[in-house]
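Protein chains: 2
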Amino acid sequence: MSLTKPRTMPGVLELLPLDQIAFMEMLDSIRAGFERYGFLPIETPAIELSHVLLTKTGGETERQVYFVQSTGSLNKGGDPELALRFDLTVPLARYVAEHEHQLNFPFRRYQMQRVYRGESAQRGRFREFYQCDVDVIGKDSLSPRFDAELVAVIYQVFQALKVGPFQVRVNHRMLMRGLLEHLGVADAEMQTLVLREVDKLDKRGVDHVRQSLAGGEIGLGAAAIDQLFDFVGFRSANVDEALAKLEALPDSNAALQQGISELREVITLVRAFGVPESFFAWDCAIARGLDYYTGTVYETVLTEHPEIGSVCSGGRYENLASNYTKSKLPGVGISIGATRLYWQLREAGLIGSGRSSVAVLVTQMDPALFAEYAELAALLRGAGINTELQLESGKLGKQLKYADKAGIPFAVIVGPDELAKGVVQVKDLQRQEQFEVARDELVASLRVEIEQFRAMPLGPLGESASEQS
Amino acid sequence: MSLTKPRTMPGVLELLPLDQIAFMEMLDSIRAGFERYGFLPIETPAIELSHVLLTKTGGETERQVYFVQSTGSLNKGGDPELALRFDLTVPLARYVAEHEHQLNFPFRRYQMQRVYRGESAQRGRFREFYQCDVDVIGKDSLSPRFDAELVAVIYQVFQALKVGPFQVRVNHRMLMRGLLEHLGVADAEMQTLVLREVDKLDKRGVDHVRQSLAGGEIGLGAAAIDQLFDFVGFRSANVDEALAKLEALPDSNAALQQGISELREVITLVRAFGVPESFFAWDCAIARGLDYYTGTVYETVLTEHPEIGSVCSGGRYENLASNYTKSKLPGVGISIGATRLYWQLREAGLIGSGRSSVAVLVTQMDPALFAEYAELAALLRGAGINTELQLESGKLGKQLKYADKAGIPFAVIVGPDELAKGVVQVKDLQRQEQFEVARDELVASLRVEIEQFRAMPLGPLGESASEQS
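Protein chains in written order, with the numbering used here: chain A, 1 to 469; chain B, 470 to 938.
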């Protein structure tokens, strides 16, 4: 029979078990951070009705959508009625509108699920990846305090992830628009074009952006460009500097006034929420191209790894679900692209394989004593210790080698002598040490050993556990 | 602007947050049970390459497959090259074949992910649902001891789920085939037809199945049918009875001999693995229609809710990945359809909403004291207590009502008097009691209260928490 080559589609990240454990620990840590701030979990189906999912997206997003058809529907022909979600925000809008009367507002939700995008195949681009989102949705209104709290949430989450120094950087879209109006760009669409150019500063550089701004479509004067570049070149060193810069801005129009007032509240509260100032900056270069955002916008960078780019972004939006409900639902949210983050951290050497979830292998030294081994395994499992029981007989050395290769830290060994004496041999596979313990004390003893093992720092490349390969 | 009705496709289960928490607790409990027995996690992409996914499935399964196309591919026309997985077994086969040289065998894996099937819309049938699978894959061979261990895994998992009395029922496909051979049905395809009929006993009843067996295609004689019915009518009351029945069987052919020997090992070990006998039975009526299974087959029933049917099924297979690799990879596995199980338990009144993941609401009695409230929230969060901070001002009564409605058990209240005295009021929203505690002792005091609250039994319908609606 001819064989099919076993492979996944390009653009997915499939992990070996110990890497999967490391990835799940990252997700668990993010989840714990979200819950610490009072966010509640939801999950939505990966498949949505196409006409519900694609009400408001334009051509650009639509080209990346994966459509879904059952065999029956495919045979009938016609347009696909189903599609895979491409983010968690549109499903959130649909969810909140659908369940509006059963939810408590402000509705704080977190959601950690896979999303799907028909990206062109490219290293580091994923077609299926986890997003970890938190959003707060208000009814009719939502205080800028929620925007400030999200800075604290990001701080908490990335502290716990232990990925080295990082900084949460915010800016304010309305303030930017007000400033553009002040500089003579009053038209909203023209403002959007300018903001998109500003977004390209990092990638394209000052000269390119200056040319684009001065060019035909936008046609901004040299003085205005200078003032704009002066503004977007600012990144605050601390809260006082940020506040001073805010006070020095012109407040010549309503947008500037509201932007300044809201951003002032966010910046002031960052301190009250216990975020150390070095982890926070007002960064005027952040524009975030999406028109969707209307107030605060967020980016987060690992300061020692700027090449990674923003690892957590988001912003404030005026109205979440205007396609689905007449209720006005303003919100603010942030998103971590967890698959990409994990992949980047691994590429940068900041994360390695995880520790095996198995703590103990009960070996089979003497096949005749199998009932005793099964009993020992049941004893350990009953005490909450994750235990693998060696079910097939074979040389003890081979069994220990398997445990070591699989990253199982402890092996329990019992022969006829141990059985007669009521003792057990415990082999510490990390330290390559072995000790004897009374059978009655095995659980207590292993609990201490496992705790010590788990407390040992796991190097960035997981070198404390044997590599799985 | 015209509104789009916000709705999901039919056949999905989307939950409100407190129900989502209950569902996630169920998944976490299942995960813990799998890990207790030394199984390692993997996840595979939901989207697979069609030609890889559909190598061996027949027409019946294929009709239920969801195919996936990006916009670009859709516009080009042609057959879809991608499809959503319909189970976790085919992806496991692909995974093991693809990563064969990086895995340790026997490979014990668990996987808890959503799968997709184009089921016809019907109450209780899901098109997107979680499966929770454990499988052990051997290289070349795999001892029947692994089959026995899975009984212990199922026992552990369902004990922890607290769903009332249940029973793991096993049978052996090869033994069944051997018996059919003994009864004169030697042809393998004919045997399959007979086993499929036996599978219908529950739903169609004895008379219908007897007619089918005697009818044209199969044409089994009355005496053979009597013998078969006598056999499939047996369900062991305890291990000794099961072993006695095994010994009394004819061993007139190789299939019978091997089947008896393997099933004897499984039944004998159930005791050694610490499974109480009342939770286990040899049930000769279990045939499991799939040709895929070649040895032990499993079903699990909630004995007080037989109407639910099997909540955990699986079996032994000869060769996992013959479509992808020349390696012989025998395996044995079980699967829990978690979405359906959750839905059924809820319908049966055995499971209700979960408790909010938020333990404390720090209220805002006096807007002027907001900085103090933010500090209190930071204090609690720093101590690992999931805390929501009231960010918008409003009447205290309304804030407390919100907490109660949202199922948050404790509220912290501080006014100018409390601030001056260095104390805090804690309101227990369940008991409708309030007590004062020194600010320094708030964390310690709340830890005790929260622990007590979590230890309180949550009724099947979650009545200890206020219902979320």
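These aren't lab readings, by the way, just hints derived from the structure by calculation. Hints should not be assumed to be uniformly reliable.
Cut-off 30 angstroms, straight-line C-alpha distance, at most; resulting in silico cross-link-like pairs (DSSO-like, lysine-lysine) [as the list claims (entries may be wrong)]:
| # | chain 1 | residue 1 | chain 2 | residue 2 |
| --- | --- | --- | --- | --- |
| 1 | B | Lys797 | A | Lys326 |
| 2 | A | Lys395 | A | Lys328 |
| 3 | B | Lys864 | A | Lys328 |
| 4 | B | Lys797 | B | Lys608 |
Just the calculated beta-carbon pair ranges, DEER-fashion [as the list claims (entries may be wrong)]:
| # | chain 1 | residue 1 | chain 2 | residue 2 | range |
| --- | --- | --- | --- | --- | --- |
| 5 | B | Glu920 | A | Asp79 | 33 to 43 angstroms |
| 6 | A | Gln102 | B | Lys672 | 31 to 41 angstroms |
| 7 | A | Arg125 | B | Ala840 | 30 to 40 angstroms |
| 8 | A | Arg431 | B | Glu902 | 30 to 40 angstroms |
| 9 | A | Arg125 | B | Lys714 | 30 to 40 angstroms |
No residue lacks a Cβ here, since even glycine has one placed at the ideal position from N, Cα and C.
Verification of the supplied hints:
| no. | hint | verdict |
| --- | --- | --- |
| 1 | B/Lys797 with A/Lys326 | violated, 60 angstroms |
| 2 | A/Lys395 with A/Lys328 | violated, 70 angstroms |
| 3 | B/Lys864 with A/Lys328 | holds, 22 angstroms |
| 4 | B/Lys797 with B/Lys608 | holds, 6 angstroms |
| 5 | B/Glu920 with A/Asp79: 33 to 43 angstroms | violated, 55 angstroms |
| 6 | A/Gln102 with B/Lys672: 31 to 41 angstroms | holds, 37 angstroms |
| 7 | A/Arg125 with B/Ala840: 30 to 40 angstroms | violated, 44 angstroms |
| 8 | A/Arg431 with B/Glu902: 30 to 40 angstroms | violated, 52 angstroms |
| 9 | A/Arg125 with B/Lys714: 30 to 40 angstroms | violated, 60 angstroms |
Hint violations for this structure: numbers 1, 2, 5, 7, 8, 9, all remaining hints satisfied.
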